[in-house]
Amino acid sequence: MVSFLNSTELEALLHSDTPAKFSTSNLPTPTKLYEHLISDIQHYYDIVLSIPNISIQSIKDQYESLKEKALNSHERRTPMNVYVGTKAKKRMDTHSKHTFYHSKRVIGRSHNDPSIEELRHEVPFHVQHNLTSEEDEYYNMEQVVFHSTESDYVSPITISSHILQYLIDLAAQFSPTYSSLSSAVIAIPAEFTVYQRQATMQAFARAGIKVTRILEEPTAAALAYGLDQKQGVEHVLVYDFGGGTLDVSVLRISPDGFVDVMASSGDSNLGGVDFDTIVGDYLLARDEAFMLKQEKDDDHNGLPESALEECAAKRFMHPCTETGIRTMSEQFKIELSTKYSDLIESSSLSGSLESKDDEIYVEQSCLQHRPSDQKSNDCSTYTTHTLKLTLAEYNSATSSLYPRSVTPIRKALENINMAPSDIDEVVMVGGTTRMPQIRSLVSLEFPQIQELNTEIDPDLTVAYGAASVID
Amino acid sequence: MCRPNEDDTKHTKERSKSRSQSIEQNDKENSSRTSETPSTSPPETTNINTNTQRRSKFVKETNLRKSPNGIQKKKKKKKKKKENDNSNNGGIMSILPSLGLVVVGIFAFMAKRGFRGRPTTAGIDLGTTNSVICVQKPSKSGMIGTSKVDPARFVCSLDLMLSFFFFFILLAKTHISGLFLIPIISQWVLLNVLVIHIPTPLLSLLWYPF
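Keeping their order, the protein sequence lines are chains A and B.
In terms of my numbering, the first sequence is residues 547 to 1017.
In terms of my numbering, the second sequence is residues 665 to 874.
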């Protein structure tokens, strides 16, 4: 079992309301870690040899050098231009009402669905009933639209089609070899209804992409690791902890290699974004006086979005606004997780770990609004404010989310009367599974499993699986 | 029924005899004229001029000036053309089936290696926060050269490539259809059936005399 926390800590974390402290003093001994590394390396080569068909080229990987680290499903719409991906995300801080995201959460849903109301409270743009749509709700896929202004609105299907078109264009830009992409194997969540599936298909059709095959996301994740061909594997649990939702699926693999979804459970209101929101709230509450001053200055100055965006872009930082700090909190999460993982690895190799949670921290600066007495638009008049967050603070702030992250596992197994010991493999999917805390919690649920399947980039696993079944 | 007269038949026979005699005489004359032209030593211009004056239309003056053996060369060219046109006598047409086999073999090899031309299908994960597109590489052999390569597969593919290389040399040398497949087949059998690895250059050299 790969666990960076001892059982007591984890149990305390799961079953108590008081925030538990993560300590790095209970790391594996050097000998154990050495074995872990060896097995890791062997496992790595096992994958390559047992699944030779994984000759998949990830466009995302290749574009890392071009700062296209992730293709974010955010879109900003203006009357003239449509920005998709990283470009849109960069403008998110300053154009929050014009930046649409989470379209997948409402695609194909009815306007009176509870998830619509939930999304309304989470996003800064308007989510409304499309009054211009047809009255027949069963055949109308665009009942919900996102509004930036009263006259300017766009449906989730259109947003998805823009994202898809952007992906295809990106592939063509990457290499002329991929300029003739016209069809796709797609992966959709297992719990999608017929209408949601049809709406997704409509988005692909609108983007000019022919759908040749539809896979369920947990199935694709299992295929990516070649578990359908691995001997002795019958039951697989796919733990998909993405940015917006948490989905847990139990798969059964028949001896013929057919994969069925036996049960699925999840938390549609829990994702990586919630960690960012909580941390953002914590930072805003901690620096309350500072933020109040910012808001006051903001009201007084009435700065145009473009001026702040321009200055923030020039100085490579986020503005010290509420939206900006929420965006920064995501970077805090990523950096803390990376530091924590690196520290665990290096300290285990050396055999000693001296640093404590309070000593692991990250710092970032944000751009303050200019003082009210200065009227110049010069970016140099803006000052910066440094925010610091320790690992102890982070774990304390997010402690309420950890018990929720393992509840769907237990529910899914209970639904089919299975015990955790019946699971042969666990596949970790989604960016949030990079957090060492989450990996430790999942490992604790399945003590019989030696190692979680985390070798493939969790953001790419589903797409790998989808691409691996292309004939 | 009416019968032809006997006189008429006699006349026709005589006419045919006289025609054949005249043809023979003409042939003799022609042969004597051609024998008059010297074959070993170059003719003098005066003689040529005199000869041309006496010659009939079918021997041109220019041909005689350029080469004394012009007529013979023409005949040779005609013979060559006939040989080329006749597929039973070999030539390029005989290699075509072999070339066809080669093309089919190359395509089969590429297909076995996973090459399917330009990809038209991608795997797409339209996620909530991130979307990813994945495309299979055009060829599985594209893995060669990366750190993830399986050494066994690399050796195998390298051997096959070398086999093809030596096979083309062999084809260029021998022009014997059918026989060129022997080193390839033997290599394949050794590697895949008998699981014996013999360095390809050595194996190909064994077949080189063919």
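It is worth saying that the hints were derived from the structure and are not from the lab.
Careful, some of the hints might be misleading.
Unchecked claim - Which residues of chain A face chain B? A few of them, derived with a C-beta cut under 8 Å, are:
(1) H648
(2) R651
(3) L710
(4) A717
(5) A718
(6) S726
(7) L830
Unchecked claim - Here are some of the chain B residues that sit facing chain A, going by a computed Cβ distance under 7 Å:
(8) S762
(9) L763
(10) T792
(11) S795
(12) Q800
By construction, the Cβ of each residue, glycine as well, lies at the ideal position given by its N, Cα and C atoms.
Would you list, in rising numerical order, the hints stated earlier that this structure does not obey?
5, 7, 8, 9
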